[in-house]
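Join these two chains into a complex; the hints should help.
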Amino acid sequence: METKHKEISISEFFEKNRHLLGYDNKSRALLTVVKECVDNSLDAAEEARILPDIYVKVKEIAPEKFEILVRDNGPGIVRQQIPKVFGKLLYGDKFHRLKQSRGEQGIGVSGAVLYAQLTTGEATEIKSSIGDGKTHYYKIKIDVKKNEPIIIEDKVIEEEKWHGVEVKFIVEGIYREHKQSILEYLKLTAVSNPHAHIIFDSPSGIIEFKRGTENLPKEPKEIKPHLYGVEIGVLTRMLYETRERKIVNFFIKEFTRIGRKTAKQICEKAGIDPNKKPKQLTNDEIRNIVNAVKDVKLLNPPLDCLSPMGEELMESGLKKEFNPEFVSSVTRQPAVYRGWPFQVEAALAYGGSITQSKILRFANRVPLLYQQGECAITKSISEIDWKRYGLENEIEKEPIIILVHVASIWVPFTSESKEAIASYPVIIKEIKLAVQECLRKLSLHLSGKRKIIGMEKRRKLFEKYVDEIANAIEELTGYKKEKVKEMLLKIIERKSTIGEKNGNGEEVEGNRSEDFR
Amino acid sequence: METEKKLKEIGLKILDDIKNGRNPSIEIPVRTLSNIYFDEKFRLIKLGDKIAKRTYLNTAHSRKFMQTLLIAAEAKKIIEQNVTISIRDLYYALKHTIGDTKENTFEEQNESDPIIEDIEAALNVLREQLHLTADRKGYLAGNVLINDSGDIIDCSKMGSSGWAIPSNVEPEVIKFMEINADFVLVVEKDAVWQRLNEDKFWKKQNCILMTGKGQPARGARRLINRLHREFNLPIYVLADADPWGYYMYSVIKQGSINLSFLSDRLGTPDAKYIGLTTSDINKFDISKNVTIKLDENDKKRVKEILNYVWFKPKPWQMELKNMLKTECKLELEALSSKGIKFISDVYLPQKIANKEFLP
Numbered sequence: 000m001e002t003k004h005k006e007i008s009i010s011e012f013f014e015k016n017r018h019l020l021g022y023d024n025k026s027r028a029l030l031t032v033v034k035e036c037v038d039n040s041l042d043a044a045e046e047a048r049i050l051p052d053i054y055v056k057v058k059e060i061a062p063e064k065f066e067i068l069v070r071d072n073g074p075g076i077v078r079q080q081i082p083k084v085f086g087k088l089l090y091g092d093k094f095h096r097l098k099q100s101r102g103e104q105g106i107g108v109s110g111a112v113l114y115a116q117l118t119t120g121e122a123t124e125i126k127s128s129i130g131d132g133k134t135h136y137y138k139i140k141i142d143v144k145k146n147e148p149i150i151i152e153d154k155v156i157e158e159e160k161w162h163g164v165e166v167k168f169i170v171e172g173i174y175r176e177h178k179q180s181i182l183e184y185l186k187l188t189a190v191s192n193p194h195a196h197i198i199f200d201s202p203s204g205i206i207e208f209k210r211g212t213e214n215l216p217k218e219p220k221e222i223k224p225h226l227y228g229v230e231i232g233v234l235t236r237m238l239y240e241t242r243e244r245k246i247v248n249f250f251i252k253e254f255t256r257i258g259r260k261t262a263k264q265i266c267e268k269a270g271i272d273p274n275k276k277p278k279q280l281t282n283d284e285i286r287n288i289v290n291a292v293k294d295v296k297l298l299n300p301p302l303d304c305l306s307p308m309g310e311e312l313m314e315s316g317l318k319k320e321f322n323p324e325f326v327s328s329v330t331r332q333p334a335v336y337r338g339w340p341f342q343v344e345a346a347l348a349y350g351g352s353i354t355q356s357k358i359l360r361f362a363n364r365v366p367l368l369y370q371q372g373e374c375a376i377t378k379s380i381s382e383i384d385w386k387r388y389g390l391e392n393e394i395e396k397e398p399i400i401i402l403v404h405v406a407s408i409w410v411p412f413t414s415e416s417k418e419a420i421a422s423y424p425v426i427i428k429e430i431k432l433a434v435q436e437c438l439r440k441l442s443l444h445l446s447g448k449r450k451i452i453g454m455e456k457r458r459k460l461f462e463k464y465v466d467e468i469a470n471a472i473e474e475l476t477g478y479k480k481e482k483v484k485e486m487l488l489k490i491i492e493r494k495s496t497i498g499e500k501n502g503n504g505e506e507v508e509g510n511r512s513e514d515f516r
Numbered sequence: 000m001e002t003e004k005k006l007k008e009i010g011l012k013i014l015d016d017i018k019n020g021r022n023p024s025i026e027i028p029v030r031t032l033s034n035i036y037f038d039e040k041f042r043l044i045k046l047g048d049k050i051a052k053r054t055y056l057n058t059a060h061s062r063k064f065m066q067t068l069l070i071a072a073e074a075k076k077i078i079e080q081n082v083t084i085s086i087r088d089l090y091y092a093l094k095h096t097i098g099d100t101k102e103n104t105f106e107e108q109n110e111s112d113p114i115i116e117d118i119e120a121a122l123n124v125l126r127e128q129l130h131l132t133a134d135r136k137g138y139l140a141g142n143v144l145i146n147d148s149g150d151i152i153d154c155s156k157m158g159s160s161g162w163a164i165p166s167n168v169e170p171e172v173i174k175f176m177e178i179n180a181d182f183v184l185v186v187e188k189d190a191v192w193q194r195l196n197e198d199k200f201w202k203k204q205n206c207i208l209m210t211g212k213g214q215p216a217r218g219a220r221r222l223i224n225r226l227h228r229e230f231n232l233p234i235y236v237l238a239d240a241d242p243w244g245y246y247m248y249s250v251i252k253q254g255s256i257n258l259s260f261l262s263d264r265l266g267t268p269d270a271k272y273i274g275l276t277t278s279d280i281n282k283f284d285i286s287k288n289v290t291i292k293l294d295e296n297d298k299k300r301v302k303e304i305l306n307y308v309w310f311k312p313k314p315w316q317m318e319l320k321n322m323l324k325t326e327c328k329l330e331l332e333a334l335s336s337k338g339i340k341f342i343s344d345v346y347l348p349q350k351i352a353n354k355e356f357l358p
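Protein chains in written order, with numbering that gives the first Met the number 0: chain A, 0 to 516; chain F, 0 to 358.
Same shape as in the complex, but just chain F (with noise of 0.2 Å):
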């Protein structure tokens, strides 16, 4: 069904509500640690089959049914209008005061992000098909020849700060013509991503190097899955040796919570994890001077990443427990401490050719 025709039967089963004396609601998947599950089978995060009801009369739902409703409106307008606009436009064009109050419709734009994800999930549909985009975050370089919308793009050819990579990468606007590389490098960090860039890593590596900066976003994790399934490459991520970089490599591998509706685009469960990790200190003979002690924070996200399911396998556990036992992480920067072409010459080229990753 239509996108469009979707969300006119949002609109039509509420004003049937309306008719019938009812509580007028909207059916949303419930997108919580509680309403996912690991599914072994593709190794994935998936959305569970809780559904919660947004109701109008509800004090803690009514403000966020009416934003519901004013975004679904939106969307609808603006496909009719065959245009599209970015999440923070809508934001915008949302935002007024509500009749003589001092209340705005939405005050931050974090209050109407979760919602376009509340609609795609309740809808079954992308982002990218109501019309919305995000901004673009995430880099790209290496022997990739794409077709951007009819644009032809030559990814070895993007000087230091490489291809842009958009939220949207769907087949219908990103084509792959050309692609030559052995594997997939993620970088967490851009300004890793630019010293090894800088190093023309990924020319002597044969490779694609990557960075979402920090979180990869919706696009970087879709050009990542789509790379893995269509042209089968490797998919190793670098990232910090704390439970924050590791959580980011669960997220490209396994998928989000809040997004889980989505994993089966957004996920690569064959990706693999190359550094940092707690043993490497020991294994590259890494001065204690660059590590940093875990803070309180920190420990307790490392016990509750202890217990997620996809943290399960074995390599896993002990890295964690090790990094709960030393008390310390390590940021990739603490390679340069081995001198700066350390990482792209030593670290990561033996950790490829050992394959001492973890899964």
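For reference, chain A alone in the conformation it holds in the complex (with noise of 0.2 Å):
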């Protein structure tokens, strides 16, 4: 009944809190609608091993009304799935997994679909094909008192052989091209994807975001959750669920890293029998679980199940999108909050073409383009004491971009519209960490260039007197001047370079040169 209960209101609580999933305002809606079909675009290809062509189309067809096409060239949606995947909320193969991935909840494109309809009363058509040479063509809408999909047009249509789906909604919104726009949200998603082909045919143009790399992102494992994560809610629909008969079976079997020894010293401190029915737990018995986890030695959970962007993704990324001076990254080593796995891994680019601060914040390699202010990112690197790296001004002065990507199994976010990370000590640390290594980097970087351009301006310096100086020889010796100039020049050149760890003190006997007064 409570289950029921909740699939039936989801689509009337959406209807009244679209704001929680990123439909707050007309601009961000548009954002939204992208986002979600980008980003399982993306997911799916990944899963599939497919490097990801996507196109994107947003066209205006009346004011402030949207046509947003997105199509990609993933392993496609079998046909009996079609309706579900767009047209019930919370249907969704990622929810219930534990695995790194950049959707999670299942609300996502179904969402966009209920957005769509309640906000020009539009069906949202979806064409489909796994390759098989039939493609399935959709229209659908949502039945919003049960949360099933209504099926408006349903056929299978001619086209090439292919594989991938399209999906096009009819949306209210306003094109924007501002630092929270499609067109950044997609800048940053060529960043941290440097795998994928991106082709945006946006109101203002077509904009091509060309692949970085051929080489496809290391593909997670999923793992089963970790005792530490598991909150009361959760532990509820698991026991519920489980086909275990024995609640220490249970733990074994639905955990990670659980052994007989542990899941029996679960259920003496929680004051369970062992062998009693998963089903037959009371609230209280749950409850007593939680709480029992807390006083347990847990073995963390495996690391290897992350897939971070890796230091040479990011750089070339960087490199890619921003044509910067200098480069530097760092791939931390895994580490754990609550249980639950999670990788920092930070890249820094200066100079060149960049004309001011950024930071590019991404959970899963999705950008994270709202809250700022209260995302564990940019907590840690407004901890961070800048003036130790060698840079001039305030960090908001510099030409510098700082990428920080947290990827974990399940990324802590404050909020259900995924756009800051909640700062846990551990993965606060771990990002200070990782964006203080490549600062030194980009230090020792700075401290080269200066010592070039100190040798620069040596050499200037020393080539200004150059003519008054073979004047002054020719003067007092008759040797001729231009022979003088040419010697010296080529002196220059060679001690300008080389000696410089001499410096300034190499030539004074029996004295310091600061008797020159």
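Hints should not be assumed to be uniformly reliable.
Footprint (simulated), chain A over chain F, 3 or more residues, beta carbon under 8 Å [stated by the list, open to error]:
1. 10-17
2. 54-66
3. 263-269
Residues on chain F that point at chain A, a partial pick, calculated with CB under 7 Å [unchecked claim]:
4. 7
5. 20
6. 22
7. 69
8. 72
9. 87
No lab work stands behind these hints, which were simulated from the structure alone.
Cβ atoms here follow ideal geometry from the backbone N, Cα and C, with glycine treated the same way.
Next comes the structure, spelled out in structure tokens:
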């Protein structure tokens, strides 16, 4: 009863609370629709090990009314699933599993369908093929009361053999090209997904984000949940759904890193018979388990389940999109927060075509555009002492772009719209360490650069006097000044690039050079 | 060796550096406090043996290296032309904009003057041998007959102005023909010199009355040196009772740090300090109203001087410590508070008669 009630209410809930899902204003709504589709496309392609080609079209068909079309070359969706994927909220293959992915809750794309229908009354058109030569076409709406798809049209159409998904929405919105726009989102997505080729057919022209690498990111592994991270609600559902007959086996089978000994220990601490049937546990007993878990020492979850972008990809992404003078990056070892494995990466681009400072936030490769102030990434960076890294100005005034990527099985967002990462101390610490390491590399680069500028200045200083000196030597010795100058320039060339280490102190015998006043 | 040849040697040495791909350099004796010593035997400040290399390819030296070569080359040129120019002429002759920069070879004369001294020290030649002269500074009056480049000058008949002491007083230029004096009185200030000249002090006391107009220039110092050495005349120095006056006296007596390589010619170790001192305040009953309170700068300088070896004699240590204790200094003009002629009729005659000198 309870679950059913929730499913029915979810669409209605969405109707009333669409700001929580990223539809709080007309400009952001357009972005959210595109983002849901592109995130899904990238996830699907990655899972199928396909290099993604994504086409995004945003066209204003009437004032504040837009056609949004997203087409990918992913594996496609099998016919039977199409209506549910697009026409039922909370339907998804990602919610119940634990694997690093862009989408998580299964609200995303169906939320976009619902938004279209709420704002323009238009149904959403979907075309999909799994590469079997058949292209399925659906026109779908959502029955809000039942949270079920309404199929308006369903047919097989003749098209060339292909695979992938194409979705077309008609939605209300406002198109902008500011800091938190579709353009910015796609640009950053191209940075974090350099293996993707994205074409954006925007109201102001076609923009192409070329593929930066042919290498697909490492595929993340699916893992079972870790007991530390499990909350009462989730535990209740898992207890209800499990096939295990004994609670002790439930712990061993359904969670990662739990052995018989630990499982028994938990039962003991919670005061539950290890042989009790999972479905028979009372709410109090479930609460006792959650409390007992806190007192039991559990092994960390396996850490090889994450797929970081990697230093090379981050650097090539930054180079490709920003044309900087210098890049550095670091991928930290995975760490654990509340039982969930996570991994932090940072990269930094400096100078070149960059004119202002910017922080690029990513969670599971998805750029985060909103709620910057509440995000653990922003907070961590604000705690760093910049002056220690040879930067002359406040960070806001430096031509520097800092990219931070937090990858996790379950990224702790501060809200459902997934725009800010929660500030767990261990996450803050990892982000700081990563950014600081990038800054150390930058600082080396800057000091090297200053040295070169210093050498150049030295050489210029010496060359400035070469004519005067050559003239004087001719006056004193009668030796031709042109010859003297030629020889002097050679010496300058040689001595101002090498021998720098001796600095200004090399020529004093018996005393220091300061003796010249 | 001739100066001209020495200058050429510098050029050839640098040319040799260049031909061998070395960083060109000039060796110059270090003329600072760290490289001078007090020669107890001769009681003079002498130059130590520390040599600094002034090199081209050193950002701290490059400009000075260029300037040194320019001055050496110019000196060679004027010697060849057999003309003598002033150090100010030299500054203007060499001052020009470097290439297409906004920088001049010399911005101020105070950039070129010390380099001339560097070259003198490096080549062990005098400024005059480089055919350079400085402005005249200082005056003299007394029973002295001088042959200045062939012209006979009677220094007892110079009226109110006195004979202006040229920068070059070497025997080749200035010859003493006749001297009738018992001592030389060197006065720090021109105004006081004028007062004493008007009072015909030199006539009354049968002395030579000189002033260096503040810190005496080389000409005046060399003249004092010659008058003492050649005619055995006692040298008495009259200056303000303050650290600057005392230091001026020490320069006349022992030579200066800057020109320590010329101390033999410029210093007069037998010179005596006649006044003023802070002990004069009580001795001559001078009103406290005309004394001046020491400022922080004065105190700092007194403490520095206390540590100079040549101020180590006990009377000087006592005087300097007394100055710090009483925290006051005294200008020569303060004596006028006792009457305009007090200085020439009472103060100086009494001091000379009683031989009340500081060493």
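Status of the hints after comparison with the structure:
Judged by the Cβ-Cβ criterion of 8 Å, the stretch 10-17 of chain F is covered by chain A as claimed, because 5 of its residues qualify and three suffice. Restraint check on the stretch 54-66 of chain F versus chain A: 12 residues with Cβ-Cβ distances below 8 Å, three needed, restraint holds. Requiring three or more residues with a Cβ within less than 8 Å of a Cβ of chain A, the coverage given for the stretch 263-269 of chain F is violated, as only 0 such residues are present. For the restraint placing residue 7(F) at the interface with chain A, the shortest Cβ-Cβ distance is roughly 6 Å, inside the 7 Å limit, so the hint holds.
Annotation: interface hint on residue 20(F) holds; nearest CB of chain A at approximately 6 Å, less than 7 Å. A distance limit of 7 Å between C-beta atoms decides the matter here; for residue 22(F) the minimum to chain A is near 6 Å, and the interface restraint holds. For residue 69(F), the shortest C-beta to C-beta distance to chain A is roughly 5 Å, which falls under 7 Å, so the interface hint holds. Given the 7 Å rule on beta carbons, the hint for residue 72(F) holds: about 4 Å separates it from the nearest Cβ of chain A.
Interface hint at residue 87(F): violated, since its Cβ lies 20 Å from the closest Cβ of chain A, which is beyond the 7 Å cut-off.
In summary, the numbered hints that this structure violates are 3, 9.
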